[in-house]
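Asker: Listed here are the chains, written in short residue letters.
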Amino acid sequence: MQRMDVVEALGRRVLTFLGHVVGALSLVAAATRALPGLAQRPVRLVLYRQIYFTGVQALFVVTAIGLVLGVAIVAQVSSLAGRSSVLIGRILVWTVVRELGPLFAAIIVIARSGTAVAAELGSMQVSGEIRSLRALGIPAARYLVMPRILGLSTSLLALLFFFQASAVFGGLALSSFLFDLSFRAQVDNLGAALSFFDLSLSLVKGVVFGFVIAAAACYHGLRVRASITEVPQAAARAVLEALILVVVIDGVITVASLL
Amino acid sequence: MIAFEGVTAAGFRAATFRIGPGVACKLVTESDLDRDRLLRLLLGSAPAERGTVALFGEVLGEVTEARALALFSRIGIVWSGGGLISNLKVWENLLLPVLYHRGGEPAAYEAQVEELLHRLGVEDHLVPGYLQSLPGGLPEQVQRLLGCVRAALMNPEIMIYESVFEGLQRDVRTHLESFAVWFHGQRPGRTSVYLSADEPSLQGLPADLVLRQQEGGVDA
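Chains as they are written, first to last, in the working numbering: chain G, 1 to 259; chain V, 260 to 479.
Keep in mind the hints are simulated off the structure, nothing from the lab. Please read these numbers as outputs of a predicted model, since none were measured by experiment. Cβ atoms here follow ideal geometry from the backbone N, Cα and C, with glycine treated the same way. Among the hints, erroneous ones may be present.
Stated by the list, open to error - Ranges between beta-carbon positions, derived for each pair:
1) V:A366 to G:P36: 21 to 27 Å
2) G:V56 to V:P306: 39 to 45 Å
3) V:T311 to G:V204: 29 to 35 Å
4) G:R41 to V:P280: 28 to 34 Å
5) G:R41 to V:E399: 26 to 32 Å
6) V:G426 to G:P36: 40 to 46 Å
7) G:V7 to V:D457: 53 to 59 Å
8) G:V207 to V:P306: 37 to 43 Å
Said to hold, decoys possible - Listing some non-contacts, in silico: residues in chain G with all C-beta distances to chain V over 12 Å:
9) S79
10) S85
11) L243
Isolated chain G, as found in the complex:
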């Protein structure tokens, strides 16, 4: 009996989660239809602000984390496998470009902007601002959702690039400094190890993660109804579901790329 209860509760949670995924996807579809709204100045302003908050303001933290991660990876690799610039280049590509870059950039964006977007939209619901926008003839999908999804996704792509570049630079700089390996030679080895496929894989992950994070944040923010206490709950749900989706999608893309 108890086992049935656990299965039932689990099943209910999975169904709820899937319902949220469908809701977030329909929001992405509505945002896609609203793309012509970019011709309107107020909508573009929301997009620029989102890029500023998600991309520009996170640049320092993303670069710093990337630098430290690159140094840590190279230190571990060289302690385990010796001072081979070819190996260091390959491992940097495998870990930073293919896997950790997109994942870390996504986690940073979830923590900084996913919560902020969900909380902001939730507060706007509670204070009646979204009702007020509708009364002005301004649809939420066009003015609030589309620029946030677009802004967050493009920012994630830019952050991903900075994260990877700083991680690679940090790793190569450390090995040059400590192991007396030529920086130039390492860059050449890295270039040889880096394929168009690796870059495409990283790009695809960045784009998909950006859409997933933004859609989850907007969906949960707009689901807030009457009470201010729902706002932090919405932000927490947005973070959790975005994290789950990002990790699952990362796994799926990685496995698919190996087939």
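Chain G is fixed; fit chain V onto it per the hints.
Answerer: Here is chain V on its own, set in the frame of chain G:
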């Protein structure tokens, strides 16, 4: 312009009334809750169980969301809380609907904003500070005045004032009342609806029609 036909919904039973073009109408509800319900019906966010709500001759339940939004853009609503967007500066708030629907450069509206604020009794030296503020830091009565400017810039065919004459300082109220009367006459056929659950707060406003909610119905 606004027509309720046999509307039954929370707080309303077979409510039927019409507010035609050019009419200044006081619409008095039994409570603030019923006022909110009426506005929800009017904005299509709470559909009626029975009956129809029509705006400009179009039944809200029968039009697409895009069409409904187009109809709403012809209405100006001044909310009791101002209805301003908290993460936009006042200047951006005031221009949001007009730039969204009509486009153009913000500078083109500067003189009009200043004139409207002047008519509402906002002292000139306060204007630059207000325009660069976020609305959350301003007193509620100032937010209402700014909400008036935002609605007025759209030159709406219907102007709805939602409990905006309640709880104001006397001079602010006088300015707001004279603004409402002046604005009503600025466009031929403009309808003004003074919506409130507090009838005495509407005393200073002339009206062609007074509608009162009584036991779920709305009668003259």
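Asker: Look at each hint and say if it fits the structure.
Answerer: Verification of the supplied hints:
no. : hint                         : verdict
1   : V:A366 to G:P36: 21 to 27 Å  : holds, 25 Å
2   : G:V56 to V:P306: 39 to 45 Å  : holds, 43 Å
3   : V:T311 to G:V204: 29 to 35 Å : violated, 50 Å
4   : G:R41 to V:P280: 28 to 34 Å  : holds, 32 Å
5   : G:R41 to V:E399: 26 to 32 Å  : holds, 29 Å
6   : V:G426 to G:P36: 40 to 46 Å  : holds, 42 Å
7   : G:V7 to V:D457: 53 to 59 Å   : holds, 56 Å
8   : G:V207 to V:P306: 37 to 43 Å : holds, 38 Å
9   : S79                          : holds, 49 Å
10  : S85                          : holds, 49 Å
11  : L243                         : holds, 26 Å
The structure shown violates just one earlier hint, number 3.
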